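Asks: Sequence:
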Amino acid sequence: MSSTVPCDHCGSAVLWSGGWAGRMVACPECGDMFRMPEEALGGAEPVRMVLEMIPALGLLELIEDQSGRLGGEALREHACALVEVHEVCGRTGGNVRVAAKRSLVMGVGEVEGEEGEEWEEGEERRGGGVMTARHVLVVELTSFGTSYYLVLAWGELGRLPHEFFSILPGRLAHPVALRAGGMEGFGNGEWVGADGVGGGLLAVAAERSRERLAEGTETRWFSEDGMMAADLGWVVQGVPLGPERFVHVVQTAGQGGGDVFGVMWYLERQRAFYEFAIRMGVPDTHECHFPFASLAGRLLVMASDALGSLGWCLRGAAGRP
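Per the working numbering, the very first residue in the sequence shown carries number 1; after that it's consecutive.
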């Protein structure tokens, strides 16, 4: 049983969305447009059931650790980063704790951004492109009885921008995202829907709440050697996981509100988006589709695939259809 469909161009697994069936959508991995199939493998109802089964707490239990596939340098990077995370959490006075972690090989996965080129005589030259994530460390954090996830990524140039994400209760009518400014000339960015177009109800409302939803995000990334710079392609994404829940994702290139990761800062952004979603609880299709490539999206695909093959056995054992 599968809740995903392959992109016609890159072959990446994309969560099937009934609301976009038969329509052209952007692949959140390669960015190319492809036609969403009319039906998912196994039908639409199983897909909705899988999405509803993705857990907000303990998500990493569905994803197998791949430390054994990492080389020595990558393992050292993960170990040092994990020490940093523990130190940052220790400074929160017990408000944030590490619950679990996974080291994963991402292969051809990508962190969406606009790559830079080498500096010459203090001047920066930039060109379009994406920054490839070779491997990631995913850390489940707990705070006040809830869980959220920190995703640290590494590529050929060292540590890349990191993401936070969490699964929250509430009705989000349809996907909405803040496309960052930079090379494409959007100034401070633009709120868009799943089709990459602004002007929709949620996009307009999110623009009015921009300060709270995106405050403190760092949209300029610099390589560890200082020779490369990039503007992030997106900053915030909200994606429905059925009619009663949604996933909130933030990408930032650096510090977020006082520590190297922003573990408390993210909770403020999370609360702001949750209040925004509750306030905008209008009826719609609540279809799941990530407007932009994200590591969080890839992790949800991994979890949904695990549930697609394992969850049905549990439902059958419990006597559920």
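Don't read these hints as lab results, they were simulated from the structure.
Just so you know, these numbers come straight off a predicted model, no measurement behind them.
It is possible that part of the hints are untrue.
[What the hints assert, rightly or not] Simulated restraints, written as ranges between beta carbons of each label pair:
1. E218 <-> R271: 27 to 37 Å
2. L75 <-> V197: 39 to 49 Å
3. E275 <-> T142: 14 to 24 Å
4. L201 <-> P37: 43 to 53 Å
5. R208 <-> E64: 12 to 22 Å
Even glycine gets a Cβ: it sits at the ideal position worked out from N, Cα and C.
Asks: Determine for every hint whether it applies to the structure shown.
Replies: So, going through the hints one by one against the coordinates:
no., hint, result
1, E218 <-> R271: 27 to 37 Å, "violated (20 Å)"
2, L75 <-> V197: 39 to 49 Å, "holds (43 Å)"
3, E275 <-> T142: 14 to 24 Å, "holds (21 Å)"
4, L201 <-> P37: 43 to 53 Å, "violated (27 Å)"
5, R208 <-> E64: 12 to 22 Å, "violated (42 Å)"
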